[in-house]
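When you get a sec, could you build the whole thing from the sequences and use the hints?
Protein chains in written order, with my numbering: chain A, 1 to 325; chain B, 326 to 608.
To be clear, the hints were calculated from the coordinates, so they are not data collected in a lab. Any given hint could turn out to be false.
[Said to hold, decoys possible] Examples of chain B residues lying across from chain A (beta carbon under 8 angstroms, computed): (1) 337; (2) 359; (3) 372; (4) 373; (5) 424; (6) 427; (7) 431; (8) 447; (9) 460; (10) 478; (11) 480; (12) 481; (13) 562; (14) 591; (15) 595; (16) 603.
[What the hints assert, rightly or not] So these bits of chain A aren't anywhere near chain B, every CB distance computed over 12 angstroms: (17) 70; (18) 80; (19) 91; (20) 92; (21) 111; (22) 185; (23) 187; (24) 191; (25) 271; (26) 272.
C-beta: ideal position from N, C-alpha, C; glycine also.
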Amino acid sequence: MTSLPGGRETAPGEGGRRTRDHARRSNTASPRRRGFGQGLPWLLMVPALVVLLLMTIFPAAYLLWASLHGGTLLGGNGQFVGLQNYVDVLTSVDRLKGFALILVFVVVAVSIQTALGLALAVPLSAQTRSSNIATTIALVPFAVTPVVSALVFRELFNPNYGWVGYFMGLVGLPDDIAWLSSTPLAWVLLIGIDVWQWTPFVALILMAGLKSVPQEPVEAAAIDGASGWQIFRYVKLPMILPFMAIAVVLRTIQAFKTFDSFKVLTNGGPGTSTEIINLEIYRVALQSFRIGAASAIAIVFLILLLTLVPLLLRAVGRGTDEEGV
Amino acid sequence: MATTATERPTTLRLAGRGLMWVWLLLGLFPLFFMVVTSLKPEGAARTRPVQWFFMPTLENYANVLSGGAGTSVGFDRLLFNSAAVTLGSTILTVAVALPAAYALSQPTFRARKRLSSWILSTYMFPPIVAVIPVFILAGQVGLIDTYPVLIVPYAAFNLPIAVWILRSTIQQIPYELQEAAMMDGASRFTVMRQIIWPLVVPAVATASILSAVLSWNEFLFSLSLTRAAAKTSPVGIQEFTGMFGTQWGSLTAGGTLIVAPILVLTLILRRRIVSGLTFGAVK
Chain A
1 MTSLPGGRET APGEGGRRTR DHARRSNTAS PRRRGFGQGL PWLLMVPALV
51 VLLLMTIFPA AYLLWASLHG GTLLGGNGQF VGLQNYVDVL TSVDRLKGFA
101 LILVFVVVAV SIQTALGLAL AVPLSAQTRS SNIATTIALV PFAVTPVVSA
151 LVFRELFNPN YGWVGYFMGL VGLPDDIAWL SSTPLAWVLL IGIDVWQWTP
201 FVALILMAGL KSVPQEPVEA AAIDGASGWQ IFRYVKLPMI LPFMAIAVVL
251 RTIQAFKTFD SFKVLTNGGP GTSTEIINLE IYRVALQSFR IGAASAIAIV
301 FLILLLTLVP LLLRAVGRGT DEEGV
Chain B
326 MATTATERPT TLRLAGRGLM WVWLLLGLFP LFFMVVTSLK PEGAARTRPV
376 QWFFMPTLEN YANVLSGGAG TSVGFDRLLF NSAAVTLGST ILTVAVALPA
426 AYALSQPTFR ARKRLSSWIL STYMFPPIVA VIPVFILAGQ VGLIDTYPVL
476 IVPYAAFNLP IAVWILRSTI QQIPYELQEA AMMDGASRFT VMRQIIWPLV
526 VPAVATASIL SAVLSWNEFL FSLSLTRAAA KTSPVGIQEF TGMFGTQWGS
576 LTAGGTLIVA PILVLTLILR RRIVSGLTFG AVK
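Below, the structure is given as structure tokens:
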């Protein structure tokens with residue numbers, strides 16, 4: 001990944017210009033300072049690079065090595081098995097299903113959040129007396145610890161005592177639905193909790209976008225007789241596409257890391273119907289301790305992410321460039 | 326902003342605003358459930374129909390905080406561990422990110438763009454992938470169930486955000502200011518202390534609060550790498566739910582105790598939280 005969507009390294013505002021100015025000025029800096037200027041910055045970077053290498057390159061290298069061996073935690077490193085672990089991953093129905101489930105989850109959850117976030121951002125960005133309060137309230141779900149929200153949702157949807165069942169009963173609906181025992185309903189909850197938690201984040205990004213739309217084109221369109229909907233669709237929406245791109249990319253990356261809600265709410269069940277690959281890696285590595293096998297799944301997952309996210313970046317980058325100008 | 330012709334309330338706009346309030350209030354519902362249930366006396370919590378009238382009590386909180394509510398490690402201890410790990414990783418994050426951000430904002434530093442992009446790209450690295458090697462390594466050097474084994478990974482997860490927040494702030498300080506000071510004989514250290522630091526304090530606060538919230542909420546690493554001594558509250562709170570039904574009072578009181586501090590921090594930070602979490606891309 002090279003930069004956030006839109007191909008810009010800094011804000012979609014005017015940040016890029018400053019960087020260029022800096023670069024030009026640096027050519028005129030004295031040779032003494034330029035020499036000085038390479039050593040010291042690298043020195044200042046060392047702690048950050050050590051921490052980041054320790055948590056990215058080292059794990060990746062270790063996993064690559066471990067994935068070629070049949071290691072288990074108790075049985076030691078195991079023998080060199082070549083690509084056998086990868087063959088197992090790519091031929092196992094469970095593993096492929098795990099990859100498919102996380103992909104579907106990411107696509108569905110992020111799509112719903114983007115649509116709802118946009119619908120929410122429009123009234124939020126209106127300058128009314130209550131919009132400050134509304135913005136604050138919107139932030140609340142977003143501030144809840146994911147494990148706690150998963151536990152609270154589980155109890156809210158409890159078939160015997162949950163408040164959701166109670167309210168459904170009040171309006172004549174079935175009041176004892178076992179949400180987590182049914183595959184489709186479990187998915188509804190898992191996606192619902194993600195939407196509940198993260199829609200505010202998308203909405204606030206898009207709200208910032210809508211607030212940054214200049215008044216002149218909006219007024220010009222209004223004078224030309226455009227309706228409110230037309231102004232939104234043809235004036236404002238194209239202008240906030242870069243913001244939407246940022247929201248979609250960030251949410252996609254975050255959604256691929258989802259673990260807490262699945263672990264707490266369903267732990268992969270009923271059966272293995274919500275067993276996303278993240279849960280499978282955890283299970284194989286930290287419950288069965290089959291390190292070699294788990295490493296191969298992890299490497300495949302990493303490759304998948306490192307392929308998909310830059311593709312997504314390029315796609316949204318191109319999309320916003322074409323429409324945004 | 327003045328109300329223009331386009332801001333007149335139309336049916337569509339009113340409907341949008343109405344739906345917004347419905348969504349916002351529904352969004353509060355799970356928290357409402359949590360806080361109300363945490364104040365219910367035993368016997369009034371897990372009932373159907375729901376009991377709306379009851380004598381509010383703090384007994385669940387007292388129970389949970391005195392460590393007598395049924396977790397293998399007392400909940401007070403879990404909260405203490407969470408706080409210690411959060412504090413440690415936040416200090417480490419800022420201590421490591423600040424010099425890096427300063428270096429990356431120096432226009433004379435040739436590798437700054439590549440390094441900034443690379444640091445940003447580490448945000449993609451999924452924790453579930455990193456946890457396996459860390460688990461093995463920590464096991465070999467005897468660090469399982471200690472604070473450092475959580476503090477260092479959390480700092481690594483928070484670094485991309487912290488570096489980018491700080492970098493974009495330092496970049497907005499005119500470079501002429503630094504140059505002029507150095508012409509007048511100020512050392513680089515003086516420039517950092519006297520010019521950069523005062524202007525970067527608000528960004529340090531943002532980066533600190535964001536990394537504190539993310540560390541406080543983290544679950545996977547704590548679940549995998551701690552047993553008892555360093556176990557944090559998001560992992561421990563699960564023990565209130567079990568095979569034999571859930572202790573709603575303890576669960577909701579514990580949940581409220583976990584959520585309250587970060588909710589406060591998030592609301593304090595509300596103007597800058599989106600900017601921070603989008604790496605400064607959205608102002």
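Each hint tested on the structure:
no.	hint	verdict
1	337	holds (6 angstroms)
2	359	holds (5 angstroms)
3	372	holds (7 angstroms)
4	373	holds (5 angstroms)
5	424	holds (4 angstroms)
6	427	holds (6 angstroms)
7	431	holds (6 angstroms)
8	447	holds (5 angstroms)
9	460	holds (7 angstroms)
10	478	holds (6 angstroms)
11	480	holds (6 angstroms)
12	481	holds (4 angstroms)
13	562	holds (7 angstroms)
14	591	holds (4 angstroms)
15	595	holds (5 angstroms)
16	603	holds (6 angstroms)
17	70	holds (15 angstroms)
18	80	holds (17 angstroms)
19	91	holds (21 angstroms)
20	92	holds (18 angstroms)
21	111	holds (17 angstroms)
22	185	holds (17 angstroms)
23	187	holds (19 angstroms)
24	191	holds (15 angstroms)
25	271	holds (19 angstroms)
26	272	holds (17 angstroms)
Comparing the model with each numbered hint stated earlier shows that all of them hold.
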